[in-house]
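S.K.: Put the two chains together into one complex; each comes in its own frame, and the hints tell you how they fit.
Residue numbers (our numbering), protein chains in the order written: chain A, 1 to 369; chain B, 1 to 304.
Take these hints with a grain of salt, some might be off.
In the DMTMM-like style, the derived pairs of lysine to aspartate or glutamate whose C-alpha atoms are separated by at most 25 Å in a straight line are [stated by the list, open to error]:
1) A/K101 / B/E198
2) A/K69 / B/D194
3) A/K15 / B/D194
4) B/K201 / A/E59
5) A/K101 / B/E195
6) A/K101 / B/D213
7) B/K201 / A/E53
8) B/K220 / A/E59
9) B/K201 / A/D165
10) B/K201 / A/E109
11) A/K153 / A/E109
12) A/K10 / B/E198
13) B/K201 / A/D54
14) B/K201 / A/D314
15) B/K220 / A/D128
16) A/K65 / B/D213
17) B/K201 / A/D128
Hints in this document: simulated from the structure, not taken from any laboratory. Computed from a predicted model, the values in this text were never measured in an experiment.
Read off the chains here:
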Amino acid sequence: MSSIAIKGVKKAYAKNAVVHGVDLEIATGEFIVILGPSGCGKSTLLRMIAGLEDISGGEIWIDGKLVNKMEPRARGCAMVFQNYALYPHMTVAENIGYALKVAGVPKAERMKRVAATAKVVGLEAFLDRRPAALSGGQRQRVAMGRAIVREPKVFLFDEPLSNLDAKLRVAMRAEIRRLHRRLGATSVFVTHDQTEAMTLGDRLVVMNGGRIEQVGTPAEVYNRPATRFVANFVGSPSMNLMEGSIDRHGVFVYDEQRRIPLPGAIDARLVGHKVTLGVRAEAARLVAAGTPGSLPATVDFIEELGAGRVVHTDFDGLSFAVALSDPAAFETGDTVGVMIDPADVHLFSAESGARINALAQLPPVPVAS
Amino acid sequence: MVERTPIFNAICQIVLFIGLLTVLLPFVIVIVAATHDIRAVNTVPMSMVPGSELFTNLHEAWVRADLGRKLLNSFLFAGTVAAGKVLLSSMAAFAIVYFRFPGRMLMFWLIFITLMLPLEVRIVPTYAVAANALAPFQAILNITGITWLIQTVSGLQVKLEWGLLNSYTGLILPLVATATGTFLYRQFYLTVPDELAEAAKMDGSGPVRFFVDILFPLSKPNMIALFTIMFVWSWNQYLWPMLITTDPNFGIAVTQLKHLIPSEFGLPDWNVAMAGTLIIMAPPLIVVILMQRWFVRGLISTEK
Ligand SMILES: Nc1ncnc2c1ncn2[C@@H]1O[C@H](COP(=O)(O)OP(=O)(O)OP(=O)(O)O)[C@@H](O)[C@H]1O
Ligand SMILES: [Mg+2]
Numbered sequence: 001m002s003s004i005a006i007k008g009v010k011k012a013y014a015k016n017a018v019v020h021g022v023d024l025e026i027a028t029g030e031f032i033v034i035l036g037p038s039g040c041g042k043s044t045l046l047r048m049i050a051g052l053e054d055i056s057g058g059e060i061w062i063d064g065k066l067v068n069k070m071e072p073r074a075r076g077c078a079m080v081f082q083n084y085a086l087y088p089h090m091t092v093a094e095n096i097g098y099a100l101k102v103a104g105v106p107k108a109e110r111m112k113r114v115a116a117t118a119k120v121v122g123l124e125a126f127l128d129r130r131p132a133a134l135s136g137g138q139r140q141r142v143a144m145g146r147a148i149v150r151e152p153k154v155f156l157f158d159e160p161l162s163n164l165d166a167k168l169r170v171a172m173r174a175e176i177r178r179l180h181r182r183l184g185a186t187s188v189f190v191t192h193d194q195t196e197a198m199t200l201g202d203r204l205v206v207m208n209g210g211r212i213e214q215v216g217t218p219a220e221v222y223n224r225p226a227t228r229f230v231a232n233f234v235g236s237p238s239m240n241l242m243e244g245s246i247d248r249h250g251v252f253v254y255d256e257q258r259r260i261p262l263p264g265a266i267d268a269r270l271v272g273h274k275v276t277l278g279v280r281a282e283a284a285r286l287v288a289a290g291t292p293g294s295l296p297a298t299v300d301f302i303e304e305l306g307a308g309r310v311v312h313t314d315f316d317g318l319s320f321a322v323a324l325s326d327p328a329a330f331e332t333g334d335t336v337g338v339m340i341d342p343a344d345v346h347l348f349s350a351e352s353g354a355r356i357n358a359l360a361q362l363p364p365v366p367v368a369s
Numbered sequence: 001m002v003e004r005t006p007i008f009n010a011i012c013q014i015v016l017f018i019g020l021l022t023v024l025l026p027f028v029i030v031i032v033a034a035t036h037d038i039r040a041v042n043t044v045p046m047s048m049v050p051g052s053e054l055f056t057n058l059h060e061a062w063v064r065a066d067l068g069r070k071l072l073n074s075f076l077f078a079g080t081v082a083a084g085k086v087l088l089s090s091m092a093a094f095a096i097v098y099f100r101f102p103g104r105m106l107m108f109w110l111i112f113i114t115l116m117l118p119l120e121v122r123i124v125p126t127y128a129v130a131a132n133a134l135a136p137f138q139a140i141l142n143i144t145g146i147t148w149l150i151q152t153v154s155g156l157q158v159k160l161e162w163g164l165l166n167s168y169t170g171l172i173l174p175l176v177a178t179a180t181g182t183f184l185y186r187q188f189y190l191t192v193p194d195e196l197a198e199a200a201k202m203d204g205s206g207p208v209r210f211f212v213d214i215l216f217p218l219s220k221p222n223m224i225a226l227f228t229i230m231f232v233w234s235w236n237q238y239l240w241p242m243l244i245t246t247d248p249n250f251g252i253a254v255t256q257l258k259h260l261i262p263s264e265f266g267l268p269d270w271n272v273a274m275a276g277t278l279i280i281m282a283p284p285l286i287v288v289i290l291m292q293r294w295f296v297r298g299l300i301s302t303e304k
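So that you can see chain B by itself, here it is in the shape it has in the complex (with noise of 0.2 Å):
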């Protein structure tokens, strides 16, 4: 431990208040902006005592934006990616921490190089299969000469075809299937002991009754801790929701926000862009604020 002087302390202080100056500057300036008009927001330098627009502003990006199906629209999203990912990360956990079966290491291997590969980097791919699911099997078939075959035999052409293109199932499946949720659960299968799932054995409980009613329960923390993480990512996603979604009934809030900057020769009513900014970045804080407690107890992991 560092000696503590009353200089040093000090000095501790302000180095952290400078650091919550920085980080907080910025939401000052959203929340400040959004409570004026728009002849205050755009007088240089920006008054920093707030106005008394706030409510009028709040409305008006409300409804030029159609938040309310927009949130609706992101809540579902980020709520069914970060449920999606629960689930199927604490199940492919559980397989390669509690079963030996062959190609085992493959398969964690598989799942790890995937962590290497974020969305970004396999967009195109990723959006070509999510226009046709089934393209990849299509693919399969016309390289091994099925579809030739097929053909041949009874003159049909094998022609698989599923859209995934404005859907929710093509909005949410392409991130829910990535590794981080896996490695994290496999982290506290690890940490759980061994005697555990034999004292179930001998309790006469199969994998899946050891599952749901010890390891589920266990990782109560690990599992809010995942889950706030992945809400708050899959919220703030942009890219991929902007690629996928032409439809504006399947558009999310994030990406609705390039709806509310004043373009080029439009009226500069920023003061509407920070409100509608406001009520978009409020969500993910609140259920941060709501599961902080659950969420670093599940981040350290190693309280008993």
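If we strip away everything but chain A, and leave its shape as in the complex, we get (with noise of 0.2 Å):
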């Protein structure tokens, strides 16, 4: 049985319609992370099925009851904010310990869970103290442990690592993971950071303007993306996308020197008509320019990232970037080729931006250019 089910949930501020209907079902233990640009509607969608926003559209269920018009406290979810939303004027173990305390637990229990609690997200020597005396990735763990100590069904996290710095953030990322891992609680996390996602979800589901454009697991979003916005906003750096059409040899132009063979036979249907090509930097290859089927570039600008380095080449105006490994043999303003392995493209429709499947069901044509 799922935990959540999300039906067609819509969401409109007076008139303005932020979120377009979303379906969702989530299983029961499993950590979701919801990823888009800002403003796509991943708060409001988590807030939703918190509760605390009104539900214009569609149902939400959470094991198996139909929540719509539920107080947020009869969801049995908890929910770690942005900005952590601790109270000032409360020890982090009145804090810890508040919900127990709304809801009349004994105060001997009370304390018993809190100080579980605090051995867990690693507070215990910190339990008399104020908010204000704590760094940020101490508030953190107070709000981790707010939301624990209630040993809710459904766990809600709103960008709960973008206040911390790089270092305690990937600290606090590998905590979760644990966490998660030792509660078994189903957890949905949004986040606008791409590696967040990728390493925390078993699930990723990635939204954009206020609908979901692909759910799937880490590696499906990475290595099949459903459309063309996820392949761009999946993947650092960017996936590289051209806009071409396909000629009659089943052949990508994109113009008269670069031109890409396609794996497989293509659907007659799509033959003239203009897709995006797209290729990760990752997949492609830089060789001496000339190289019988590599694509004529010239280097832009090299990025040194440190185990790797990523090529920015141009393609007269359309920049194209290759991630090496090895040290680069080459500088700004070389003439260079691209060599793209045919099995490494993904196409999507222009017009849609939806993946084109149909390659390499029929056996391959002779490509002649």
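M.R.: Pasting the structure below:
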């Protein structure tokens, strides 16, 4: 049985629609990450699950109960906020124990559970402090403890790590992952940081403009992006996208000098149509200029990343990134060739942006150029 | 920042010092006059060297103006007004800021408008209402014809009456119901992050719990500031208490001062009048001194 079922959920503020019918099933114990650019409605969706925001249309079910009209406290969700939202006048122990106090848990048991929770989030030494006397990471832990102590069915996180510095963020990420393994509660985690999404999620939900673009495991989303938006949004550097058309030989034509043979046969209906071809920077290679089958390019600039480097090349105005793991033998201004393996290309409809999957189903046609 | 030079500093100091003298001089005169005997206080110019009659004068003023009873009344009056204001305005602001109900903005503006109608402006109608607090309802019944209807049907004449003259209720209530505090609280609530309310909601607390457990403790500096201002303000009220209390049992200290001021043909014992003044102005001074640390913090509410 699924823990959370979202059916055709919509949200509009006055006349302004911000979530346009979202469908999503979340299994019990699953860690779901909602990923999307700023303003795409991630927080709004999360807050509708929490009950902090009214639902304009559709249904939300939690644990088999329709919760559309239910108060937040009846839904059994705990939430961790971006700014932590700790009660400034209460000590850490009081902050963590507040939900239990409201629920009428006797003091002795409350203390016991607060102590146990503090141990889980590593705050035993700080129980008597006020939030103002804690560091960002410690406040984050208090917020986490406050959610854990109630043993909720569902954890909701709204960009809880975005106020931390890079190093702490990585540490807290690992900690959240560990906590999830240990508690096993269904979790919904909102972020616009794709590394966070990739490392944390069992499944990712990529949102854009109030709609879901793709739902899948991190590997699926990375390897088979369902739309051009996902292809562009997930992955760093983002996927190279080129607009062109397919000729009758099954070759993608960007311009006269740049043609990429496609694997397998192409649906005849696609011939002559505009499509977007995508190649990950990691999938392309750089070769000497003029190598047969390579696309001519000039080196624009080189981004040094320590472990590797990203060479940004230029296709007469279109920038194309190539990631290299070995030292670059090129310099800015050099003319080079970009080699693309047909097996690594992704095709999207230029109009709708949807992935075109009909490749490689028919026997290959000999390529002529 | 203005450039700081020794000359500029000196000018500042001098101006401030003159200001201080201007403010303090009346107090000094009161204090000195309260220590003189009747002859010394009436010599022109009055000697600024303190005399030795302070305690005699204080005692005389205390007895003559029945200050024991009147100070008690004043404390009761000012304390209740201040406390009532804190309670009322914190709750009114809570409703306006945290609840979306129909007519919310109308309510807000109604409260806002009362700011422009201080008690002094509407003192006659307010007195009429205090004389019979149910008069407005009676008027509504009369105008709508319900009085007439009831009379024709049952033969009974509806006559609502609840007089508040010469009572603590009448003294206090009209001063509690004003808007200043509501605004101070509204401003404060607007600075409380929304997420705090949401976190409390997620923790399962309802509105009352949120108010008591979170807003109330957070607004403590505000509360103290408002209480202090309102205490001093109501302690110094003159017109309203004078109007509504004719029974000396309900008189307050400030209005009592006029019994100490020598009449035209009486003994010009200004020393006793000044001693009385000294006693009467002491309590607000003490309250301000005791509360000033929190008081300042409440007015500068940006501090987190
Ligand atoms: N109270 C509101 N009234 C009107 N519009 C709102 C309100 N709250 C949010 N919106 C709009 O809804 C859209 C989605 O907002 P939401 O907060 O869900 O974005 P988000 O995906 O969480 O973005 P971010 O990553 O920046 O937090 C935005 O365009 C925002 O302007
Ligand atoms: Mg958000």
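S.K.: Taking the hints in turn, state whether each one holds.
M.R.: Going down the list of hints, with the structure as the test:
1. A/K101 / B/E198: holds (17 Å)
2. A/K69 / B/D194: holds (21 Å)
3. A/K15 / B/D194: Cα-Cα ~23 Å, so holds.
4. B/K201 / A/E59: Between B/K201 and A/E59 the Cα gap is close to 21 Å, so the pair holds against 25 Å.
5. A/K101 / B/E195: holds (19 Å)
6. A/K101 / B/D213: Within the cut-off at roughly 11 Å; holds.
7. B/K201 / A/E53: The given pair, whose Cα atoms are some 12 Å apart, holds under the 25 Å limit.
8. B/K220 / A/E59: Violated, at about 42 Å.
9. B/K201 / A/D165: violated (29 Å)
10. B/K201 / A/E109: Roughly 22 Å between the alpha carbons, so the hint for B/K201 and A/E109 holds.
11. A/K153 / A/E109: holds (20 Å)
12. A/K10 / B/E198: holds (21 Å)
13. B/K201 / A/D54: holds (14 Å)
14. B/K201 / A/D314: violated (54 Å)
15. B/K220 / A/D128: holds (21 Å)
16. A/K65 / B/D213: Status violated; Cα separation ~31 Å.
17. B/K201 / A/D128: holds (24 Å)
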